[in-house]
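> Work out the full structure, taking the sequences as your base and the hints as a guide.
Here are the chains, one letter per residue:
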Amino acid sequence: MSRFLTPATLDEALNALSHPGAKVLAGGTDLMLALRQARLSGTELPELILDVTRLPELGRLELDGPAYYLGAGLTFRCLEEDPRVARRIPVLAQAAATVGSMQVRQTATIGGNVANASPAADGLSALVALDAVAEIASLGGMRHCPLGELITAPNKTTLAQGELILGYALDPPAETRGQAFLKVGRRQEVAVSRLNLAACLDRELSDPRVVLGSCFPTPRRLRDVEELIQGATPGPELWRAAGEKAAGHFTDVCGWRASATYKVPAIARITARALSRAWAQLEARS
Amino acid sequence: MPLEFTLNGQKVSLEDVPGEATLLEVLRQRLGMLGAKEGCGVGECGACTVLLDGKAVNGCLTAAWQAAGRQIATVEGLAQGDELHPMQRGFVETGAVQCGFCTPGMILTSLDLVEQEPVPGDQQIRRALAGNLCRCTGYHDVVRAVRRGAKYMRGEGEEQ
Chain B
87 MSRFLTPATL DEALNALSHP GAKVLAGGTD LMLALRQARL SGTELPELIL
137 DVTRLPELGR LELDGPAYYL GAGLTFRCLE EDPRVARRIP VLAQAAATVG
187 SMQVRQTATI GGNVANASPA ADGLSALVAL DAVAEIASLG GMRHCPLGEL
237 ITAPNKTTLA QGELILGYAL DPPAETRGQA FLKVGRRQEV AVSRLNLAAC
287 LDRELSDPRV VLGSCFPTPR RLRDVEELIQ GATPGPELWR AAGEKAAGHF
337 TDVCGWRASA TYKVPAIARI TARALSRAWA QLEARS
Chain X
34 MPLEFTLNGQ KVSLEDVPGE ATLLEVLRQR LGMLGAKEGC GVGECGACTV
84 LLDGKAVNGC LTAAWQAAGR QIATVEGLAQ GDELHPMQRG FVETGAVQCG
134 FCTPGMILTS LDLVEQEPVP GDQQIRRALA GNLCRCTGYH DVVRAVRRGA
184 KYMRGEGEEQ
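Line by line, the protein sequences give chains B and X.
Taking my numbering, the leading residue of the first sequence gets 87, the next gets one more, and so forth.
Taking my numbering, the leading residue of the second sequence gets 34, the next gets one more, and so forth.
Check the hints yourself; a few may be wrong.
To be verified - With a straight-line cut-off of 30 Å between C-alpha atoms, the simulated DSS-like cross-links for lysine-lysine are:
#	chain 1	residue 1	chain 2	residue 2
1	B	K109	X	K44
2	X	K184	X	K88
3	B	K109	B	K242
4	X	K70	B	K109
5	X	K70	X	K184
6	B	K109	X	K88
7	X	K70	X	K88
8	X	K44	X	K70
9	X	K44	X	K88
As the list claims (entries may be wrong) - Using C-beta positions, here's what the derived DEER-type ranges look like:
#	chain 1	residue 1	chain 2	residue 2	range
10	X	V75	B	Q316	38 to 44 Å
11	X	R103	B	E148	24 to 30 Å
12	B	L119	X	E126	36 to 42 Å
13	B	Q247	X	M34	21 to 27 Å
14	B	A94	X	E116	39 to 45 Å
15	B	A94	X	S46	17 to 23 Å
16	B	R170	X	S46	35 to 41 Å
17	X	R63	B	E275	28 to 34 Å
18	B	R326	X	G190	51 to 57 Å
19	X	R168	B	N241	27 to 33 Å
20	B	H105	X	E48	22 to 28 Å
21	X	E48	B	P169	53 to 59 Å
Keep in mind the hints are simulated off the structure, nothing from the lab.
Even glycine gets a Cβ: it sits at the ideal position worked out from N, Cα and C.
Structure (structure tokens):
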């Protein structure tokens with residue numbers, strides 16, 4: 087039997103979390119599944135479940151100043167609905183809208199999504215495309231870690247016992263970029279990503295970001311695709327070439343596995359389409 | 034420490050609720066509220082949907098203790114005596130109920146939708162209910178039911 091604690095302050099949370107048997111509940115849509123599995127299989131339950139969703143520190147949403155900040159306790163529903171998120175970081179608003187069902191989006195948080203580090207996590211691709219840096223607290227103090235380094239393998243992160251993600255600092259010029267998120271799943275709604283793609287483009291194409299999710303153990307920026315786009319002439323031909331490159335990148339890394347027959351053309355199309363949408367959005371803004 | 038929350042407007046207090054217990058288990062096994070169902074148990078089907086502070090959530094993915102100090106609504110709390118809630122009437126009148134297993138969840142999700150969007154379009158209804166599966170009858174009548182229920186909730190009359 088687990089104890090359950092809803093700490094009122096961050097200090098209380100970090101103190102409780104420093105005990106080895108403590109597990110964070112940041113919404114619960116993944117944790118409760120894991121607990122169900124543990125109960126069915128008779129494996130050990132965590133000694134303490136720590137519900138961090140009521141900590142005010144985790145609810146911050148700052149998109150108005152020079153530095154953007156997203157609290158780890160924000161739900162996907164909030165990210166999907168907030169007009170500032172839709173305007174400034176549409177790639178995340180679009181990704182959030184594709185997560186699970188309305189019921190799941192009203193509970194699941196962007197903190198849990200990262201800490202759980204599923205290879206199919208929709209929020210991760212968008213956050214990596216926004217160059218998010220996690221702010222992580224523990225009794226020992228704070229550390230900052232880019233998401234690409236925080237997530238090391240499927241469902242593995244560098245988070246140590248006692249550490250809690252408070253939120254994410256985002257690259258401020260995000261708002262001047264065209265952004266798009268696209269996902270392929272087995273149905274339109276409530277689907278686990280088979281593929282997802284997050285794209286961010288600046289007008290000069292000096293710092294394009296292309297993140298392919300669900301294909302690799304961790305969300306991955308496609309550096310060779312980004313290099314192809316960098317400084318090139320925007321347009322359908324470039325997007326198509328970028329799509330081909332992305333598909334090539336996938337087979338280079340993963341080999342020609344059974345799913346590749348479907349995935350390779352799908353990656354090429356989804357990449358081209360996301361880039362085209364991101365660019366169209368940039369044009370519409372000027 | 035007892036777990037306390039408000040269930041359909043009434044305060045409840047429960048001793049010895051384990052940390053890992055789901056809200057669905059506590060509602061069904063400790064409080065006798067059988068409207069919310071366990072369909073899949075893994076957050077796919079929505080049969081366990083309840084409202085937590087007015088928001089539709091999956092009871093099977095919510096820890097009971099997440100409800101502490103909050104308002105929980107289940108389908109049992111909707112009717113006033115013999116008078117059905119307008120959304121329930123919408124479902125009954127359009128024949129949107131076959132076996133009924135998914136219906137409480139459908140109704141509660143619809144209430145959350147209509148709270149945010151008093152005049153929901155078909156696409157909005159379909160999207161909101163994407164996490165509520167019906168294995169009997171399909172979704173056409175459910176969409177009509179929600180339209181009609183929303184209309185009754187706005188105080189408007191019969192749909193023509």
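> If you check each hint against the structure, which ones fail?
21
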